[in-house]
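Engineer: Build the full structure now, drawing on both the sequences and the hints.
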Amino acid sequence: MVLSDVAMIAADTSRSRAYLQALARNGILPNRVLLMERTADRIHPGQDTASEAPPQTVCAADVDDCWSEACFDPVEPMRVLLDRLNISYVPCRVADINDASTISLIRQRSESVFIYSGFGGALLRRDILSIGVRFLHVHGGYLPDYKGSTTNYYSLLAEGTLGASALFLSEEIDSGPVLLRRKFPVPADVRAIDHIFDAAARAKVLVDTLRAYVTNGTWEVLVSENNCGETYYVIHPVLKHIAILGKTRNEPCE
Amino acid sequence: MYAPFEGGLFLSAYHDSRMRVLQRSVAGYQGAHFDSGLAADALLLMQELLAAASPVLARRFRELLGDRQSRGAPSCGRDALAGLAEELKQRTISTRNASLDLLHNLMAVQLVDGDFDVASTWLDRLIQRFEVTKKIYEFYPQGFRKGEGSNCSIRLYWLFALALSLFWARSNKLRYLSTLLKVCDLLCSLPEEMLQPEIPRFGLSMVLAAELVAVESLAAQKGVPLGSV
Chain A
1 MVLSDVAMIA ADTSRSRAYL QALARNGILP NRVLLMERTA DRIHPGQDTA
51 SEAPPQTVCA ADVDDCWSEA CFDPVEPMRV LLDRLNISYV PCRVADINDA
101 STISLIRQRS ESVFIYSGFG GALLRRDILS IGVRFLHVHG GYLPDYKGST
151 TNYYSLLAEG TLGASALFLS EEIDSGPVLL RRKFPVPADV RAIDHIFDAA
201 ARAKVLVDTL RAYVTNGTWE VLVSENNCGE TYYVIHPVLK HIAILGKTRN
251 EPCE
Chain B
1 MYAPFEGGLF LSAYHDSRMR VLQRSVAGYQ GAHFDSGLAA DALLLMQELL
51 AAASPVLARR FRELLGDRQS RGAPSCGRDA LAGLAEELKQ RTISTRNASL
101 DLLHNLMAVQ LVDGDFDVAS TWLDRLIQRF EVTKKIYEFY PQGFRKGEGS
151 NCSIRLYWLF ALALSLFWAR SNKLRYLSTL LKVCDLLCSL PEEMLQPEIP
201 RFGLSMVLAA ELVAVESLAA QKGVPLGSV
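Residue numbers (our numbering), protein chains in the order written: chain A, 1 to 254; chain B, 1 to 229.
No wet-lab data here; the hints were simulated from the structure.
Among the hints, a few may not be true.
What the hints assert, rightly or not - Computed cross-link-like contacts, DSS-like style, restricted to lysine-lysine with a CA-CA straight-line distance of at most 27 Å:
1) A:Lys247 with B:Lys222
2) B:Lys135 with B:Lys173
3) A:Lys247 with B:Lys182
4) B:Lys135 with A:Lys183
Structural biologist: Take a look at the structure:
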């Protein structure tokens with residue numbers, strides 16, 4: 001099924017690949033993709049280009065349903081993927097979501113909702129947020145409790161879970177209305193959180209959000225007041241190592 | 001920004017590195033007179049907070065400090081601290097803020113059991129500035145965005161670490177520990193001769209001991225071996 005009112009802003013990253021492959025696997029596709037491409041030197045882990053992503057480490061046949069979207073190819077080039085899925089796309093001239101030319105491309109589209117899967121670290125500013133479309137983003141953490149960066153390592157340490165939350169973007173970081181959120185158990189290979197499982201959790205939530213939209217015919221808000229919670233910053237390597245090496249009990253999917 | 005995974009040896013290297021700094025002599029450390037009083041008061045509070053959490057933590061903190069604990073360092077005095085704590089309630093981001101005064105306010109609130117909600121809001125602002133810029137500036141003008149003045153005051157970084165360590169001990173929040181680790185990385189990277197005039201006699205030891213207690217207890221909870229512990 002092609003969602004006529006939903007487009008996607010994608011970048012040549014493993015997260016965008018996870019999203020598109022998950023959507024295709026579940027029979028839901030965006031109407032159009034605006035594709036941002038740039039050189040590899042500004043890529044964050046979890047946003048690796050095809051040449052940098054590590055080989056797929058987890059793809060068990062009996063993978064937990066929570067991690068059903070973990071079996072994705074993190075290296076398939078975006079153009080190849082888009083052609084394979086027969087999704088029409090437009091390359092963006094610049095790789096900056098806030099650039100006037102990118103905004104102009106978005107304005108030219110008829111879709112009212114854009115799935116945002118741009119390059120990590122970019123914040124959408126007021127100009128693009130006020131053009132009259134909504135940007136659907138999946139944050140890698142359970143909102144509103146875990147806002148900010150690398151939140152899954154903090155929640156892994158505090159609760160033994162990862163999280164992902166779908167929301168419409170607003171000016172304040174991670175504070176827009178939440179449509180759907182999930183908690184995930186500790187994955188099989190905790191070392192692959194950055195490259196595989198963070199993207200897989202987000203992709204799962206994205207699929208579920210779009211399924212709900214198709215079922216309901218509207219975007220239903222789960223948490224409208226999302227301005228509380230705590231903001232986390234890039235976790236210190238010592239804490240990240242403890243999170244990866246630590247023993248955590250397995251929690252079920254939520 | 002996103003640290004690669006280096007296995008258990010990374011944690012051992014961190015622990016050993018911190019222990020080496022901790023075991024250095026405190027001779028030569030001086031710091032401002034007022035900060036020595038703050039540190040003396042903070043030490044007592046830290047011990048109370050850790051003891052309330054667990055006698056094991058408190059014992060380990062004392063072990064790590066060893067004979068570096070303050071003996072005879074004068075307290076700041078309750079009245080002075082109460083005044084500083086009260087000042088924090090009058091602060092707004094619509095005026096220029098001096099980081100030294102702000103950090104003294106934050107410390108004072110902790111030491112006299114002041115308004116923690118207000119204090120944590122201000123600490124979060126400083127954390128945000130530090131995490132974004134990796135620096136603490138002498139001043140933050142109206143709006144508390146881009147800092148002004150020097151960003152090289154070791155005294156400010158130490159006071160920030162001290163405030164973070166107490167907030168961690170009180171709340172057990174990982175985000176305070178994460179920022180504390182980054183500030184301690186900065187302090188430990190500096191040569192002793194730069195630190196000594198700026199930090200009271202046992203001031204560095206105290207923040208490092210608090211950090212190590214925090215990390216060791218977290219690692220123990222998670223079943224992760226850590227250095228020689």
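Engineer: Could you run down the list of hints and mark each one as holding or not?
Structural biologist: Status of each hint after checking the structure:
1. A:Lys247 with B:Lys222: This hinted pair holds, its Cα atoms lying about 5 Å apart.
2. B:Lys135 with B:Lys173: At roughly 22 Å apart (the allowed maximum being 27 Å), B:Lys173 and B:Lys135 satisfy the hint.
3. A:Lys247 with B:Lys182: Holds, at roughly 25 Å.
4. B:Lys135 with A:Lys183: With Cα atoms ~34 Å apart, B:Lys135 and A:Lys183 exceed 27 Å; violated.
Comparing the model with each earlier hint shows a violation of hint 4 alone; every other hint is respected.
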